[in-house]
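As you go down the protein sequences, you meet chains A and B in turn.
Sequential numbering of the first sequence, starting at 0, is according to numbering that gives the first Met the number 0.
Sequential numbering of the second sequence, starting at 0, is according to numbering that gives the first Met the number 0.
Quick caveat, the hints were computed from the structure, so don't treat them as lab data.
Be careful, since some hints might not be right.
The list treats identical chains as one, so a pair stands whether inside a single copy or across any two.
[Unchecked claim] Straight-line alpha carbon distances no greater than 30 Å define the calculated DSBU-like cross-link-like pairs of lysine-lysine that follow:
no. : residue 1 : residue 2
1   : LYS17     : LYS81
2   : LYS177    : LYS250
3   : LYS143    : LYS250
4   : LYS17     : LYS143
5   : LYS250    : LYS81
6   : LYS81     : LYS177
7   : LYS17     : LYS188
8   : LYS143    : LYS177
9   : LYS110    : LYS177
If you're wondering where the values come from, they're calculated on a predicted model, not measured in any experiment.
2 protein chains.
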Amino acid sequence: MSGEILKREINEQPEVLKRIVEQESHNVQELALTLQGTFTYVMIAARGTSDNAARYAKYLLGAHNQIPVALAAPSLFTLYRKPPSLEGALVMGISQSGRSPDVVSVVEEGKRQGRPTVAITNDPQSPMARNADYVIQLHTGPEKAVAATKTYTASLTALALLSAHLDANQEALAQLQKLPEAMQQTIDKISGLLPRVERYRYMDHCSVIGRGFNYSTAFEISLKITELSQTVAEPYSSADFLHGPIAMLSKGFPMMVIATRGSVIDDMRALIERLVELNSELLIISDEPDLLDEAHLAFPLPTGLPEWLSPMVAVVPGQLFSLALAQARGLDPDHPEGLSKITETW
Amino acid sequence: MSGEILKREINEQPEVLKRIVEQESHNVQELALTLQGTFTYVMIAARGTSDNAARYAKYLLGAHNQIPVALAAPSLFTLYRKPPSLEGALVMGISQSGRSPDVVSVVEEGKRQGRPTVAITNDPQSPMARNADYVIQLHTGPEKAVAATKTYTASLTALALLSAHLDANQEALAQLQKLPEAMQQTIDKISGLLPRVERYRYMDHCSVIGRGFNYSTAFEISLKITELSQTVAEPYSSADFLHGPIAMLSKGFPMMVIATRGSVIDDMRALIERLVELNSELLIISDEPDLLDEAHLAFPLPTGLPEWLSPMVAVVPGQLFSLALAQARGLDPDHPEGLSKITETW
């Protein structure tokens, strides 16, 4: 059955996360020490799925390390040939292939301006890695499905390692050890629910809502749904959603909401209550049983994972939902029409 | 007929831009001088329409002033109560009301950390303005329609003034003088085309594509379409679109493309050629006659405006399209259901 490649890569994630935590921890500890005091903010270049990892970095480095993150506008470095002055910046590229030309050129420019540079990539021989002072390797093995899954959660884990080591945060490092097991529990729980995805066979659009750490998850799930199932899926933070798009909600409009315990839970709870009043179709990804009770399709997450690590597991229901929806529609999830693995954008 | 308030505010834009250029130039010149050398990057806080103005700032300050721009994650300052260290930053808030609590709290935090702060707002007495060292006033008069139009183009013009004065760029300042007339020409040209918007009476989703300076335009037009006409509209850069969403394109999928002369035109031309092959429904906003020829609905822009000022006029077809589409559907464009002017998000 088509989708076997993608499914295998989704299922590899517990092993992949274990590997990166084990094999990169020492390297990241050393580079974190070397980087101390060399920058006041981080400029990240990334595209597609990796750009969603960069969104996670913005919340993680902000909330845990008090480091502001700017997302690079790659076209300033390429089409406009007017790179900004990077004084004060740590320049970071995230790209599983390390070959996206526009991302490579941001890292190159960082180097040219004498700034410290970090590459997060699967390929230490790639042009991006060769241009960077430091490399954090993803250790995922080859990703053969066109849609990125394990390289996404590996990129989040690389960033989590970096954040923990920048502050020598032993509690965070201990929490990271538990991530692979939580990932396995999530995959086991969600896989059993997939027959219920048939309900969405004729859905033609939906919105995905997350906030804070899981703002990245909303973007990544939207991208997976769009790539794999040819459905328009639009990501929003709950705050931005209330600033406009809520106006378009008709009865039965499908809303996928990521609501995990932590600083944003009250906010997400209030949103869900409002969506219930508006008769939305609710798909809820949560570790809160009472919120899951409000859903037409509930995706339970394991409890006990701290909020900052929830994005690694919260994306999994979206990965599996997109796979199952593609299959329900007779599409090939391994090779979505019109996509290639490395896009040569400038 | 409902929509009169919104239409009047769209039509006021030439006058509004003239007013801000005339009345704020001296103030902005002085604050630009004072700010010289006090920061290495700009951190902008904004929500909704103002966040789209911040996207413009990212390209404008990057390409013209070599200043990197980071968009604040307001929830770090509010929900997480873990504001990043703002060393090196100029902190800027953009909010027409100056009352969006999360935006206000970013400016407050900038002040608390002793950083220079700028407020771009319609209301110099607002909490955001009172917390800022410097205020750039929008001078739009009251905006009564719920959907922001004139305050958006006024915010772009405020940023354009700031960019020009930061470099004492006399050529840019001279170009800015011509903007109100180009705005009037655009409104005149596009208003005559609005009966043709009926074609989209039953469209239920679309994508809007822009790149570089007009990446902001793609976001703002998407927001207007979504707010006013209850249609799902999703913005993309042409680069990101090729990295995934192009897979969802079915024959006849409506694509609105902003393609103005300048550094990104070859890129946009290539995208349009690809979309023609895929039998997309094309709505094109352009100052290039041969690209307009490819469109099912062509929105011509006046020629002769430099690329950096094109976003002020390129958004106008989107504003008027959204208004006309709402009217074609019997919706009230002045008071879209479920929206209020100031959203109290934290």
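Here is what the structure says about each hint:
1. LYS17 with LYS81: This pair counts as between: shortest inter-copy Cα distance 29 Å, intra-copy 41 Å.
2. LYS177 with LYS250: For LYS177 and LYS250, neither the intra-copy (40 Å) nor the inter-copy (46 Å) Cα distance is at most 30 Å.
3. LYS143 with LYS250: Cα proximity of LYS143 and LYS250: across copies only (28 Å, versus 39 Å in one copy).
4. LYS17 with LYS143: within (20 Å within a copy, 55 Å between copies)
5. LYS250 with LYS81: Classified as neither: same-chain Cα gap 47 Å, cross-chain 37 Å, threshold 30 Å.
6. LYS81 with LYS177: between (44 Å within a copy, 25 Å between copies)
7. LYS17 with LYS188: Classified as within; 19 Å inside a copy, 60 Å across copies.
8. LYS143 with LYS177: Within one copy, since 27 Å is at most 30 Å while 53 Å is not.
9. LYS110 with LYS177: This pair counts as neither: shortest intra-copy Cα distance 36 Å, inter-copy 40 Å.
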